[in-house]
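Protein chains: 2
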Amino acid sequence: MYIQKQRLLTPGPTPLYPPALHAMMASDLHHRTDDFRNVYKSALADLKEVLGTSHDVLLFAASGTGAMDASVSNLFSPGEKVVVCSAGKFGERWVEITKAYGLDPVLLQAEYGQAVSVERVQAALDADPAIRGVFVQASETSTGAAHDVQGMGEAVAKTQAIFVVDAITGIGTMPLDIDNWGLDVVIGGSQKSFMIPPGLAFATVSPKAWAFSETSKLPHYYFDFKKEKKNGDKGESSWTPATSLILALGAALRYIKSIGMPKLVENAQLLASATRDAAAALGLELFAASSPGSSVTAIRAPQGMDSGVIVKEFRKRFGAIIANGQGSMKGQIFRIAHLGYFDFADLFAVVAALELILHANGVDVEFGKGVAAVQRAYARAAVQTPQPVAG
Amino acid sequence: MYIQKQRLLTPGPTPLYPPALHAMMASDLHHRTDDFRNVYKSALADLKEVLGTSHDVLLFAASGTGAMDASVSNLFSPGEKVVVCSAGKFGERWVEITKAYGLDPVLLQAEYGQAVSVERVQAALDADPAIRGVFVQASETSTGAAHDVQGMGEAVAKTQAIFVVDAITGIGTMPLDIDNWGLDVVIGGSQKSFMIPPGLAFATVSPKAWAFSETSKLPHYYFDFKKEKKNGDKGESSWTPATSLILALGAALRYIKSIGMPKLVENAQLLASATRDAAAALGLELFAASSPGSSVTAIRAPQGMDSGVIVKEFRKRFGAIIANGQGSMKGQIFRIAHLGYFDFADLFAVVAALELILHANGVDVEFGKGVAAVQRAYARAAVQTPQPVAG
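As you go down the protein sequences, you meet chains A and B in turn.
Residues in the first sequence are numbered from 179 upward in steps of one, following our numbering.
Residues in the second sequence are numbered from 179 upward in steps of one, following our numbering.
For the record, the hints were derived by calculation from the structure and aren't laboratory data.
There's no promise every hint is true.
As the list makes no split between identical chains, a pair holds if one copy fits it or if it spans any two.
[Said to hold, decoys possible] Below are the SDA-like pairs computed for lysine to any residue, each with C-alpha atoms no more than 25 Å apart in a straight line:
hint, residue 1, residue 2
1, K183, P375
2, K183, L199
3, K407, T243
4, K183, H200
5, K183, P197
6, K547, R558
7, K226, K408
8, K226, E297
9, K547, H537
10, K547, A557
11, K494, P193
12, K494, Q481
13, K395, Q184
14, K547, S451
Construct the entire structure; sequences and hints are all you get.
Here it is in structure tokens:
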């Protein structure tokens, strides 16, 4: 074996931002002191700034699914009708959670690789004025498809329902105007665009959603929106906070602020677009071709080849971990992520490695052809106006 | 600015091995305890194993230059005649050190980019039987040229002189049979192939060299070979050791042992050879074409272009730090390193970035052409016998 760096190229956990990792070493503080309250307050303030919202932001020691659970148990009541858009494994998770709490979900399903249209959401809302909520993934991580949350949000805003958006891989990879698009609850997790390890989830809560919390009759204890809001305002978390991760989040947010959220989104969009160009140059077929998101690009394995071979060869030959398909998509597709601490130079390497892996497995590949497609994308985006550099 | 990872692509410091960095966090121990003695002993034992020598290995809290200094002040006496091979900035350092201690160096100089031949060393030894030592760089980092230390060592072994080899960037990038090639003193540093931060230097000492330490009349205190050997055998360092770096070294050595030194060397050789192929594919001229080493490849900037532009653009566009030329070579060449925690996927990215930088500065470059040369080198070396992989 030669040197093989471990490279995390999955849609989560994502490549980590080293200074955020190093910040975790400062965890030798107590969470009920002003030292930590200041850390916590500024992490919450920076998170709010980066998300560009005036809504409250609540932070939980949990994975993203915890905040999904919390958004149901804090805002709804048993028997309430809700619309669930499901276009993949994470849409199916909304179905499971809403059912677990006794809600009555109307399922708007799309085939894997497709997205649920705004029209279908509009029609479901029109059909039943009793609908209390609409649930969706901004970016369906299992297929790489993105939903039109702006269009859906505007449709939901005209009703009494609230719009609950799992944006766990959507944040940082697509524009999300939380306040103006009617995104009542937006859910995120630490191990995605925030480029830190898993363990933190958060939810933004609009005034309309807060009103729902007044009438919700579902039991909950650990995940308590009102309690968390009251404590958060004091720089405290309700229960023991994951201090190391909050220190990491603070460092990552300072970096994200230095880049700027629009540029972070553009980074993912450019990487995704360049990856689609590379796939086309190599004659590979995209899985979510009609509504591709920028968090992850799912690519079909070449005819007659199991995508698991590609995944295993990335690991074996290059120490790189990419994602296979999930469920029935396993063996059919492989997924290259574009979020977290991931730059163009990473993508050059990923596509060069992909070419070598395809070649080694008998696929007719011209070395450098996919890489050149990525280079052209980079040149178009970043080299349009070369600045003179002093020698 | 988009996301730009900082990438250290210089011949030292080199890209760091993350588990070695993390091991530094265990520095909360005292260096005069058995806990640390065990760490120190096994680092010394692993270093000896990795270097493949039966000679004593001495470790110093110092940069590599410290061990160069020590090899003169511990083994020679004022007025003694020595041969110094100088083919770049580091050869010039041997001249400075030997003069600082009052030795009488016979200078065998080669032009920058060239190497000193074995024949010249042989002739100098033949011309003066009083020669007490021969000093050389295994790999001259400033130009990328390598010396034939095997041939030189065999010539020196037949004389009363000792052979002192600065292998700071040679170790891990070229075969070095310390015991059988007559390499009496071999000097290394932590921030090179050992993929950890700067701060540790070491020297191997042959029985022939130890005999020199008995007659040496030069004053020294901090760098004391005999004292360090005596203490090292007990798992101690003479003075306060750089504990964090020794913990890092231990972790890096475990990794290097898992790869194996011959494979680590092959890794650097393949990367260097692939880099030369890429330069040729892009019509770029190598600086040390006649005796290229594998620690670093120095490439001439295209006609009419300052190499500093390339260095600055790597930093500006890709967050990557590559080396310019030193001294009179500044502006003429740029240097891409192949040592440390550096793999093929890194090189794909470096060459793709180089193509983009050349293109952005008006050089006629076909995107992907240099990358394809690297891919072909990788495929020849590592993809000759594709193993079937279960799906």
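Query raised in the report: Is it within, between, both or neither when you check K547 against A557 at 25 Å Cα-Cα?
Result: both (15 Å within a copy, 16 Å between copies)
Query raised in the report: What label fits K395 with Q184 when the C-alpha limit is 25 Å: within, between, both, or neither?
Result: neither (47 Å within a copy, 51 Å between copies)
Query raised in the report: From the Cα coordinates, with 25 Å as the cut-off, is the pair K547 and H537 best called within, between, both, or neither?
Result: both (12 Å within a copy, 17 Å between copies)
**Report entry** Within, between, both or neither: K494, Q481 at alpha-carbon 25 Å
**Finding:** Close inside one copy (22 Å), not across copies (41 Å); limit 25 Å.
Query raised in the report: Is it within, between, both or neither when you check K183 against P375 at 25 Å Cα-Cα?
Result: both (18 Å within a copy, 17 Å between copies)
Query raised in the report: Should K183 paired with P197 be assigned to within, between, both, or neither, using CA atoms and 25 Å as the limit?
Result: both (19 Å within a copy, 11 Å between copies)
Query raised in the report: Under a CA distance limit of 25 Å, which applies to K226 and E297: within one copy, between copies, both, or neither?
Result: neither (31 Å within a copy, 71 Å between copies)
Report task. Indicate which option fits the pair K547, R558 if close means a Cα-Cα distance not exceeding 25 Å: within, between, both or neither. Result -> For K547 and R558, the Cα distance is within 25 Å both inside one copy (17 Å) and across copies (18 Å).
Query raised in the report: How do K183 and H200 come out at 25 Å by Cα distance, when the copy is not named: within, between, both, or neither?
Result: Classified as both; 19 Å inside a copy, 15 Å across copies.
Query raised in the report: Is it within, between, both or neither when you check K547 against S451 at 25 Å Cα-Cα?
Result: both (16 Å within a copy, 22 Å between copies)
**Report entry** Same-copy or cross-copy closeness of K407 to T243 [CA-CA at most 25 Å]
**Finding:** within (19 Å within a copy, 58 Å between copies)
Query raised in the report: Can you tell me if K226 and K408 fall within 25 Å by alpha carbon in one copy, between copies, both or neither?
Result: within (16 Å within a copy, 60 Å between copies)
When held up to the earlier numbered hints, the structure conflicts with 8 and 13 and fits the remainder.
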